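Below, each chain spelled out in residue letters.
There are 2 protein chains.
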Amino acid sequence: MKIVVLKFGGTSVGSTIRIKKVAEIIASYIKKKYKVIVASSAMSGITNDLVKKAKEISNDFLADEYDVLVSAGEQMSCSLIAGRLNHLGYKSRSWLGWQIPILTSGAHSASRIQKINKKNIISYLKSGGIPIVAGFQGINSQNRITTIGRGGTDASAIMLAKFFNAEKCIIYTDVDGVYTTDPKTISKARKIKIISYEEMLEMASLGAKVMQPHSIQDARLNRVNIDVRSSFIKSSGTLITKRKNISNNKIIRGVSFTKNDAKVTLIGVKDKPGIAAAIFEPLYKNSINVDMVVQNISSNGKETDLTFTIKSEDLYKTERLLKKNKKISFRKIIVDNKVSKVSIVGVGMVTTPGVTYRMFNALAKKNINIIVISTSEIKISVLVNRKNINKAVSALHKEFNLEN
Amino acid sequence: MKIVVLKFGGTSVGSTIRIKKVAEIIASYIKKKYKVIVASSAMSGITNDLVKKAKEISNDFLADEYDVLVSAGEQMSCSLIAGRLNHLGYKSRSWLGWQIPILTSGAHSASRIQKINKKNIISYLKSGGIPIVAGFQGINSQNRITTIGRGGTDASAIMLAKFFNAEKCIIYTDVDGVYTTDPKTISKARKIKIISYEEMLEMASLGAKVMQPHSIQDARLNRVNIDVRSSFIKSSGTLITKRKNISNNKIIRGVSFTKNDAKVTLIGVKDKPGIAAAIFEPLYKNSINVDMVVQNISSNGKETDLTFTIKSEDLYKTERLLKKNKKISFRKIIVDNKVSKVSIVGVGMVTTPGVTYRMFNALAKKNINIIVISTSEIKISVLVNRKNINKAVSALHKEFNLEN
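These protein sequence lines are chains H and B, in that order.
FYI, in our numbering the residues of the first sequence are 72 to 475.
FYI, in our numbering the residues of the second sequence are 72 to 475.
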């Protein structure tokens with residue numbers, strides 16, 4: 072069977088008008104002789120409303136029942152999609168997690184799909200039916216409803232594609248793909264036709280609207296090719312696949328950036344083994360995510376300067392935690408809440424010398440000062456003054472020929 | 072086990088504030104050492120919203136999927152109630168139709184409960200848990216969600232009470248019981264403490280807000296005593312039970328009435344066998360409900376006058392159907408859209424002579440003309456001019472000592 076898995080996100084099924092549109096999209100694959108398995112999210116707004124109700128009931132709402140509550144959202148959207156397909160003359164029905172079943176493990180609200188029973192769906196596909204699978208949900212060994220903690224309905228779609236060995240897994244959403252950089256900021260941004268999982272993961276700041284990093288990682292681990300496209304406009308999307316499937320590897324795939332960073336520098340830190348752990352442990356315990364870290368070599372071997380970046384909104388809490396941290400001593404703390412990170416991402420840079428030089432040179436030519444540098448195998452990030460961010464992104468986008 | 076089944080209707084769980092109140096009511100039974108099984112409706116408004124969405128999707132929405140859609144409503148309310156009970160320190164969980172399971176037969180959206188598997192719930196009750204059962208839903212032999220066509224969550228509660236041999240089945244609603252007549256119209260109306268199924272069925276016009284006739288019939292057939300009370304105010308309700316359980320049988324239990332009747336009289340109908348059927352068949356086929364029927368004996372054996380009542384809103388359609396009915400002939404049609412039916416109901420009247428006389432006399436004393444009379448074993452109904460209805464109800468309410 073030539074199977075395609077289609078996933079529709081919350082905005083794609085956000086109204087009955089949208090659901091009618093989605094039914095047409097599904098029908099178009101049937102006309103192309105595909106066997107279609109659909110995974111749907113809840114209509115946008117529904118889940119938030121249910122979560123609000125749970126909060127009103129208890130500030131510590133039981134996770135077991137939370138899953139029962141929110142999973143009702145996908146139940147509704149799936150029945151509406153199936154209802155519309157029947158209206159159009161197609162055989163279709165909703166399949167809830169317990170009906171397939173989709174077996175999960177792990178805690179409530181944080182479950183992962185372990186197994187999808189294929190028998191019922193295969194037999195339904197063979198009968199000519201279009202199964203509309205409720206995303207985000209499964210059941211555990213106690214026959215209770217669970218929800219998928221990471222990736223939600225994206226994870227459901229990826230696992231469906233894996234278990235049914237689907238030819239394609241298409242994620243329909245409200246953006247039409249991944250761009251070389253943010254099109255709202257840089258008008259010359261171009262849609263990326265094909266991108267590797269690794270690049271996509273590093274482009275997270277741009278791709279977050281497209282797919283959560285967890286789901287990209289899931290797709291990578293399960294070798295599922297993901298086609299991201301819009302359910303709102305008809306256009307080709309972006310294919311996320313493994314490196315080997317990409318022939319025309321550009322050196323740089325895209326330029327990503329964040330806007331809400333803050334920089335913290337500790338001057339004259341007493342340098343001793345375990346000092347970095349002593350600094351970062353309380354931040355980690357308070358859910359503060361530390362991004363770039365640079366430690367200068369201490370000249371006298373006794374003191375060091377340490378710089379790191381965090382999200383702007385965590386700055387106040389971070390300063391407080393550092394100052395009351397009895398395990399460390401430093402002379403001075405300098406903070407800067409007006410910095411941004413810009414990164415170039417591309418698997419091609421591993422095999423291409425001079426990428427770093429070209430990046431720094433392009434920024435220098437625009438008189439943009441680099442505050443901190445951090446590199447990985449397929450990404451180089453620099454911290455710049457926030458006022459320079461658009462200029463920096465433009466310069467790099469042009470330097471690495473992403474405009475055409 | 073001393074089991075009580077508590078049913079909460081849509082308005083009773085209509086908001087998270089109401090659900091908190093419902094959790095307190097449930098807890099009060101636990102404190103009285105009852106094992107409690109709860110059956111809940113969807114939050115008021117939710118089902119209507121889902122039905123509206125189904126209509127937007129298709130004017131002929133597939134019944135299978137309609138059941139999947141609307142059953143999500145009870146799933147939500149049950150998880151919220153269970154969540155609140157846990158918040159208060161009680162062990163509680165939602166039980167959906169498929170988890171028990173509640174097995175139904177019959178068509179989608181019109182299913183009836185055939186069997187409730189007791190094992191899971193009994194074991195949960197024994198563990199000290201409070202099961203919150205999703206009302207209105209079950210599954211069929213194909214493992215698909217079904218909804219109960221007649222009585223909805225009332226039917227679920229009644230069947231739970233039957234299968235678990237509950238000591239009590241309490242229907243919590245937004246009215247506090249059944250009254251001797253409409254308290255909004257007659258200030259001297261009194262709450263009825265105990266009423267037989269049969270009387271309750273005949274009081275349908277008053278009791279409709281309390282319970283649907285279908286559910287009363289279900290309760291009667293399954294010998295389940297129903298206690299109807301309010302979840303909004305603390306007061307005793309009305310017990311609906313079998314005649315034999317009622318010791319102080321009053322002659323008359325209540326005075327019911329309708330306001331929107333219309334009377335149709337056909338003068339000079341050609342009297343021949345099957346004429347009544349010929350008159351009423353087209354009405355029946357057009358879903359027009361004929362209530363009281365009186366046929367005068369024809370003096371010459373060739374013609375007769377026929378009078379019947381229908382709902383006011385059906386009058387225009389009825390006239391049209393009668394006039395174009397080729398199977399009948401009559402000289403004249405007289406209609407009156409300003410009539411009302413008033414009925415006295417009570418199992419005691421069977422064994423008490425003179426009830427009819429007392430009724431007619433009480434009305435005569437108030438100069439109220441009786442247009443049509445119709446009687447059953449436990450009910451006498453008369454048609455009066457609508458302007459006399461309040462006066463008629465008051466007179467009968469007083470005549471049969473219902474004020475105290």
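Calculated directly from the structure, the hints in this document are not laboratory data.
Please read all numbers here as calculations on a predicted model, not as lab measurements.
Careful: at least some of the hints might be erroneous.
Identical copies go unnamed one by one, so any copy, or any two together, can satisfy a pair.
Here are the simulated BS3-like cross-link-like pairs (lysine-lysine), alpha carbons at most 30 Å apart as the crow flies [what the hints assert, rightly or not]:
1. LYS469 - LYS91
2. LYS126 - LYS305
3. LYS356 - LYS450
4. LYS197 - LYS398
5. LYS305 - LYS315
6. LYS398 - LYS186
7. LYS189 - LYS397
8. LYS123 - LYS162
9. LYS123 - LYS91
10. LYS437 - LYS305
11. LYS233 - LYS341
12. LYS255 - LYS398
13. LYS123 - LYS92
Comparing the hints with the structure gives:
Taking identical chains as interchangeable, the C-alpha atoms of LYS469 and LYS91 are never at most 30 Å apart, the minima being 41 Å within one chain and 60 Å between chains. In the homo-oligomer, the alpha carbons of LYS126 and LYS305 lie at most 30 Å apart only across protomers (27 Å), although the nearest pairing inside one protomer, at 39 Å, exceeds that limit. For the identical chains of this complex, LYS356 and LYS450 are intra-copy neighbours only, at 28 Å inside a copy versus 75 Å across copies, given an alpha-carbon limit of 30 Å. For a Cα distance limit of 30 Å, the shortest separation of LYS197 from LYS398 qualifies neither inside one copy, at 65 Å, nor across copies, at 53 Å.
Taking the shortest alpha-carbon separations for LYS305 and LYS315, only the intra-copy value of 28 Å comes in at or below 30 Å, while the best inter-copy value is 71 Å. In this assembly of identical chains, the alpha carbons of LYS398 and LYS186 never lie at most 30 Å apart, being 47 Å within a copy and 66 Å across copies at closest. For the identical chains of this complex, LYS189 and LYS397 are neighbours neither inside a copy (57 Å) nor across copies (60 Å), given an alpha-carbon limit of 30 Å. In this homomeric assembly, LYS123 and LYS162 come within 30 Å of each other (Cα to Cα) only across copies, at 23 Å, whereas the closest approach inside a single copy is 36 Å.
When the C-alpha separation of LYS123 and LYS91 is checked against a cutoff of 30 Å, the pair qualifies both within a copy, at 28 Å, and between copies, at 15 Å. In this assembly of identical chains, the alpha carbons of LYS437 and LYS305 never lie at most 30 Å apart, being 38 Å within a copy and 76 Å across copies at closest. With identical chains, the CA atoms of LYS233 and LYS341 are never at most 30 Å apart, being 52 Å at best within one copy and 76 Å at best between copies. Taking CA atoms no more than 30 Å apart as the test, LYS255 paired with LYS398 passes in neither setting, with 45 Å inside one copy and 75 Å between copies.
In this assembly of identical chains, the alpha carbons of LYS123 and LYS92 lie at most 30 Å apart whether taken from the same copy (29 Å) or from different copies (18 Å).
In summary, the structure is inconsistent with hints 1, 4, 6, 7, 10, 11, 12 from the numbered list given earlier, while agreeing with the others.
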